[in-house]
Amino acid sequence: MTAREDTAIPAAGNSPAILARAEAKPARRLRLKWLVPTLYIIFLMLPIYWLINMSFKTTNEILGGFSAYPQNFTTDSYVEILTNPAWYWGYINSLIYVTINTVISVSVALPAAYAFSRYKFVGDKHLFFWLLTNRMAPPAVFVLPFVELYSSMQLFDTHLAVALAHCLFNIPLAVWILEGFMSGVPKEIDETAYIDGYSFPKFFVKIFMPLIASGIGVTAFFCFMFSWVEMLLAKNLTTVAAKPIAAVMTRTASTSGYELGLLAAAGVLTIIPGAIVIYFVRNYIAKGFALGRV
Amino acid sequence: MNKTINNRAWFLVLPVLLLVAMNAIIPLMTVVNYSLQESFIAGFWDWVGTRHYEEVLGSERFHGALIRQFIFTGIILVIEVPLGVAVALAMPKKGVWASVCLVLMALPLLIPWNVVGAIWNIFALPEIGLLGWGLNELGFDYNYTNQPLAAWFTVVLMDVWHWTSLVVLLAYAGLQSIDEAYYRAAKIDGASRWAVFRFIQLPKLRTVLIIAILLRFIDSFMIYTEPFVLTGGGPGNATTFLSIDLVKAAVGEFNLGIAAAMSIIYFLMTLLVCWLFFTLMNNDRERQS
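Each protein sequence line maps, in turn, to chains Y and V.
According to our numbering, the first sequence is numbered sequentially starting from 89.
According to our numbering, the second sequence is numbered sequentially starting from 3.
Note that these hints are calculated values from the structure, not bench results.
These numbers come from a predicted model, not from an experiment.
Don't take each hint at face value.
Stated by the list, open to error - Calculated lysine-lysine pairs in the BS3-like style (CA-CA distance at most 25 Å, straight line):
1. V:Lys-96 x Y:Lys-121
2. Y:Lys-294 x V:Lys-5
3. Y:Lys-208 x V:Lys-5
4. Y:Lys-121 x V:Lys-95
Based on the sequences and whatever the hints tell you, model everything.
Here is the structure:
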């Protein structure tokens, strides 16, 4: 206690000097501070640059040796992918099941998350934990049983099968994120609405959902993301009709020798949807990654 | 928030319950069935009790995969968590540059996992990849396709590249929630940079860091696609982690009983870790409120 007062008294005496020093110190540090994120971003971008670089080279040039940029610039790989149905249907298939999955996950998770954030009910904690364990379940464990399950339901090789299979980890995640966002809305709002004569569905759609709109957006983003990046289940649940881009890529890699340029271009095109989606949620993304719990 | 007791809330949870149960319980029971039986001819099953479990738990191969898995998860946690926090601390707090950083940093998280493997495959090729070429030019003898150590280095670097941003984003979100008043008070007290971190920022980061460690632990524990595309589990078995080993046994060798027993053991381990973190998180939440 005395130590604190000892330093506090002189500080009050010549406060401008102390404050000036306090201001000067971070200013000096700021000049080097930008280096850390910059170096980190360069580290992140180098492999992506390399992929883009490869995608504009011919296979011969790639195998010919090292070069930091394309010597014979060519867009042949992109033309091939965008004009060959075997290629571009891979992207369309992926986008179809990702969209179905996002719609299902968010719409069933909304009421469930509301229940978890507002009510106590028998077994609520156990249920929530059980849901989360499914987010944590290794997909490798489920590959074979899923193939059997969806074959017996006559859904094998359909977009719906992949969309439903991805619900395994996306629904728990959606419930988790939405519950975080909903708990940030004061309960008085619900009570006032009920007193004003709103029914539950009307209140939920007209008042509550607009309040957590950013949360819903972020949740949809995460469902999109995890369904888009998951490939083990998507690949094994499909053969022809709903084949995702990953399966097209591996099959091409094995049948037509080692077409690195084509593979690189296909890779670049898989990054684009993600980049577009990130741009839309950039202001909420950090809170979303914290699962609404900040 | 004090919650109302309302058992009718079950109706709101019902759709989620049905969908997840269909995807979780039926397959899990299939796996349990496989693990306790042996099929010699398709359609005919013999009860073998815990024999598959004994076989898996006693096998060198499983021990190897398990040890490699723990080493891998340990290494990436030790690198990614401090690095992620450091980057988040140095990032601009708001404005255009903060948005630019967020968008660029989130990019690796949205790349399909097989493409992540393919990117690193190309990037690390000894003759024509920037990383492989660069390391060899610098005088290192580097070839991840036949050197176990190089393969490990590449797989770890790939995971750091892929997932550190998750920690950055979580830590950034945690830092955003700190009121400016704390920093002003610290400045007036003449607190050192370390003291600000230790007594203001770190306590606020507690919740998000628990989430970050949980997610990174679990996701690295089930890693499959990226190392499979990059190294195929090789050279030899050097980078064969649990999921790769499991898929090899199930799909490659069609050894269903063994694969199923492995799955159950694997699943129980994840469950245990989940429960530990979940309890930790709940205690944390109750302490705060």
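Hints, verified against the model:
Between Lys-96 (chain V) and Lys-121 (chain Y) the alpha-carbon distance is near 15 Å, which keeps this suggested pair within the 25 Å criterion. The hinted pair formed by Lys-294 (chain Y) and Lys-5 (chain V) meets the criterion: a straight-line CA distance of about 22 Å does not exceed 25 Å. Restraint check for Lys-208 (chain Y) and Lys-5 (chain V): the C-alpha separation of about 6 Å stays at or below 25 Å, so the hint holds. Proposed proximity of Lys-121 (chain Y) and Lys-95 (chain V) is supported: the alpha carbons are some 12 Å apart, at most 25 Å.
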